[in-house]
Amino acid sequence: MPSQDLYKERTNLRTAVVTLIVLMFGVALLYISTSWQWLKDRSAIQSVTEQLGGLLIASVALALIWELVAKRAFLSELMSEARLAEEIRNAGIVTVPRDFYRDIDWPQLFQRTKQLDIYFAYGRTWRGANRNELLTLAKRSDVQIRVVLPDPENNTIVEDLAKRFDMSPETLRLTIKEASKDFIDIFSGEEAVVEFSLWYLSLSPLFSMYRFDYTTILTFHKHRPDRVTDIPILVVEEGGTFYKFLQDEFTAFTKEQSSLAKRVFPETE
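Each residue of the sequence shown is one higher than the one before, starting from 836 at the first, in our numbering.
If you're looking for bench data, these hints aren't it; they were derived computationally from the structure. A hint or two may mislead.
[Claimed, not checked] Label-pair distances were calculated between CB atoms; the ranges are:
1) Glu1030 - Ser915: 46 to 54 Å
2) Phe1042 - Met1002: 15 to 23 Å
3) Ile1066 - Leu1095: 51 to 59 Å
4) Gly1024 - Gln946: 39 to 47 Å
5) Val853 - Phe1042: 27 to 35 Å
6) Arg1062 - Val1028: 34 to 42 Å
Cβ coordinates follow ideal geometry from the N, Cα and C atoms, glycine included.
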């Protein structure tokens, strides 16, 4: 079977032959338009012949520029775009929302999910915005929910996060405990039938994640003390490297024998 290089050589050879023929034909037309007396006596035909010859020569010049420069640049850009698209597919990135609340269909995610994993510092605004969905989810017996929060009793973690969130350590500690109590109240109330567990992580969060079955929303944590509103958001799906990494991280957090986190609800016997 001929190699790719051989096909390329044949294509280049055919291009060169056709280009040479067209060039020679154009030169010939220009020559006869100025030297053949019969054409000189017929100015209209002579003008057409001369213009046709010039057009053919100009076309050859443009074809050579395309072949030697433009086509290679175009193909290079096309291949670069194709590689980028393939890398995005491999990463499993579905979309990059601009607005965390308006650009993500949270109600639909809650409605269809049977496995919800949450990992953040406290998520007060998110809990408030999705409270009705959380209460509805608590009444479904076919759903498993796991929540991981930073350990509010770990002074090192609390002090680190307090600096990053521009809060006092005590305020942050109370805010995390408030989130913990809120989740327990929602998912272990009188009408709650969902399978629920809550964990405290002994590490400072580097990101926040919300995994709804095969879809995960990922946001990053800032390190600057000032307020940041344009934190990147990624929506990723199962099958990509992002999803697998986040799934493996969360699994490591919630292993009973893991030293990374401890389960605080339901309490271990």
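Here is how each hint holds up against the structure:
Take Glu1030 and Ser915: their Cβ atoms lie about 47 Å apart, and the range 46 to 54 Å holds. A hinted range of 15 to 23 Å for the beta carbons of Phe1042 and Met1002 is consistent with their spacing of about 19 Å. A C-beta distance of roughly 24 Å is found between Ile1066 and Leu1095, which places it outside the suggested range of 51 to 59 Å. In this structure the hint that Gly1024 and Gln946 lie 39 to 47 Å apart at CB is violated, the actual value being about 20 Å.
Our hint of 27 to 35 Å for Val853 and Phe1042 is violated, since their Cβ atoms are close to 58 Å apart. About 40 Å separates the C-beta atoms of Arg1062 and Val1028, a value consistent with the hinted range of 34 to 42 Å.
Violation of the numbered hints given earlier is confined to hints 3, 4, 5; the remaining hints are satisfied by the structure.
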